[in-house]
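Engineer: Use the sequences and the hints to build the structure in full.
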Amino acid sequence: MTHARTVLGPDEIARALTRIAHEILEANHGADDLVLLGIPTRGVHLAERLATRLTAITGEDFTARTGALDITMHRDDLRARPTRASHPTRIPATGVDDKVVVLVDDVLYSGRTIRAALDALSDLGRPRAVRLAVLVDRGHRELPIRADSVGKNLPSARSEHVSILLDEVDGRDAVTIEGGVA
Amino acid sequence: MKHLLTAAMPREEAVALLDLAEDMHQIQEREVKKLPALRGRTVVNLFFEDSTRTRSSFEIAGKWLSADVINVSGKGSSASKGESLRDTGLTIAAMGVDGVVVRSGASGAPALLADWIGRPVVNAGDGTHEHPTQALLDAFALRRRIHGEASRGKALDGVRVAIVGDIAHSRVARSNALLLPALGAEVTLVGPPSLLPPAASDGTRLGVRAETSLDAVIAEQPDALMLLRVQLERQAGKVTPSPAEYITGWSLTDERLARLPGTRIMHPGPMNRGLELSSRAADSDASTVLEQVTAGVSVRMAVLYALLASDQGGSR
Numbered sequence: 000m001t002h003a004r005t006v007l008g009p010d011e012i013a014r015a016l017t018r019i020a021h022e023i024l025e026a027n028h029g030a031d032d033l034v035l036l037g038i039p040t041r042g043v044h045l046a047e048r049l050a051t052r053l054t055a056i057t058g059e060d061f062t063a064r065t066g067a068l069d070i071t072m073h074r075d076d077l078r079a080r081p082t083r084a085s086h087p088t089r090i091p092a093t094g095v096d097d098k099v100v101v102l103v104d105d106v107l108y109s110g111r112t113i114r115a116a117l118d119a120l121s122d123l124g125r126p127r128a129v130r131l132a133v134l135v136d137r138g139h140r141e142l143p144i145r146a147d148s149v150g151k152n153l154p155s156a157r158s159e160h161v162s163i164l165l166d167e168v169d170g171r172d173a174v175t176i177e178g179g180v181a
Numbered sequence: 000m001k002h003l004l005t006a007a008m009p010r011e012e013a014v015a016l017l018d019l020a021e022d023m024h025q026i027q028e029r030e031v032k033k034l035p036a037l038r039g040r041t042v043v044n045l046f047f048e049d050s051t052r053t054r055s056s057f058e059i060a061g062k063w064l065s066a067d068v069i070n071v072s073g074k075g076s077s078a079s080k081g082e083s084l085r086d087t088g089l090t091i092a093a094m095g096v097d098g099v100v101v102r103s104g105a106s107g108a109p110a111l112l113a114d115w116i117g118r119p120v121v122n123a124g125d126g127t128h129e130h131p132t133q134a135l136l137d138a139f140a141l142r143r144r145i146h147g148e149a150s151r152g153k154a155l156d157g158v159r160v161a162i163v164g165d166i167a168h169s170r171v172a173r174s175n176a177l178l179l180p181a182l183g184a185e186v187t188l189v190g191p192p193s194l195l196p197p198a199a200s201d202g203t204r205l206g207v208r209a210e211t212s213l214d215a216v217i218a219e220q221p222d223a224l225m226l227l228r229v230q231l232e233r234q235a236g237k238v239t240p241s242p243a244e245y246i247t248g249w250s251l252t253d254e255r256l257a258r259l260p261g262t263r264i265m266h267p268g269p270m271n272r273g274l275e276l277s278s279r280a281a282d283s284d285a286s287t288v289l290e291q292v293t294a295g296v297s298v299r300m301a302v303l304y305a306l307l308a309s310d311q312g313g314s315r
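Protein chains in written order, with numbering that gives the first Met the number 0: chain A, 0 to 181; chain B, 0 to 315.
No lab work stands behind these hints: they were computed from the structure.
Take the hints with a grain of salt, since some may be wrong.
[Claimed, not checked] Taking CB as the label site, the calculated pair distances span:
no., chain 1, residue 1, chain 2, residue 2, range
1, B, Met94, A, Glu59, 53 to 59 Å
2, A, Ala84, B, Gly261, 29 to 35 Å
3, A, Asp32, B, Asp67, 38 to 44 Å
Note that the structure is predicted; figures quoted are calculated from it, not measured.
Just so you know, even glycine gets a beta-carbon here, dropped at the ideal spot from N, CA and C.
Structural biologist: Set out below in structure tokens:
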């Protein structure tokens, strides 16, 4: 095991999230109809952090427009992996119909998680549009999916391991990369 | 977890199943009640005993998870032509079925079936032995009544539950006497002496405390009172109290209900109103009867998911 290299520190993560918050508002021409849904577990915390920023920027209460979307039951690898635990889904009281739903996740990799999230979302209603914001895009897509906002593009080898550490879960904020072919 | 044959399980496993059921429970509020987790799986409900609610509950649970569910009832099937349980099980397994939910009047039948057919088996009630999904749904409904939306991760520590009625013949009582204490609850069995199971050398019955006086237990103000159905069909030839004696001693009458201001009233159904409990008790705000039915679907979704979603077996 090689030493884990830190790619983003706490300040860089904070700045990236602030920029993503502004990008979301810019692309949407304001705050109207925006709903944030984080994908468990770390995507939920990132969505909450974005909500805090959006509230500060717009003066509107984004905590009531922020929720969680569990994708466990929609995964395409349930059979091949040991039984996965699920997570709660929390949908804001406004629902998702005719809203602009911003999916928030920590890492975009194969794209399969987002595929599952789109399926899960379609069972909950019909958003007017769905956007995707991720903290890190590490490449290696296996499906035609791309993010609208990216905190950091991180070209990586498949053999490398990218870790997102968040204060709420891990006690500190960092993005690290380790391993790879020697 | 390979099968669900008993409600005896470690606390962590029980809490994890209840948490999974809590996530499944959210589907009740949705317009599209369908999750794709068991797409392509086939589940057979093999019911050798009459049951409407348990069978429909398993059927709905399987269908909401996108499994194909087939109901095979004992009556009119080859079992009534003399086929053995083993041959029936092997025949169903040979059709490529992924899991079997079995109810039988014979205690131990699901365990035998599990040995024979080599795929996941869920015990949906066997004789006077166990009914594990009923105990899980009772725990789920009670946990929700106590903790509400904050139920995830919690157990039933210190919750005092009295189970009242024909304990000796009740698979519901046995499964609850195994599961609820594992979750930290204090269980007391209450019933006529002739309907209590034999006492162990330490005085406990089914591993928990037993009392004969319902009024004495009511004086202790339990957190939940679970009334069992008086099962006339399992009492053939037994010395049992008459209905009048039963009502006098062990029915939750209006008068007893008035002495239990903070106690949740539970019943696994089907209810005999006027016998196990009064109509007022059954319909009171304290009654969890319909919540238990709703919980049944969520708990059975969790069990089917835990047993059938992965080819690699459970992680716990």
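Engineer: Now look at each hint and say whether the structure bears it out.
Structural biologist: A quick look at each hint next to the structure:
For B:Met94 and A:Glu59, the Cβ-Cβ distance of about 57 Å falls inside the hinted range of 53 to 59 Å, so the restraint holds. In this structure the hint that A:Ala84 and B:Gly261 lie 29 to 35 Å apart at CB holds, the actual value being about 34 Å. The hint said 38 to 44 Å for the Cβ distance between A:Asp32 and B:Asp67, and at roughly 39 Å that hint holds.
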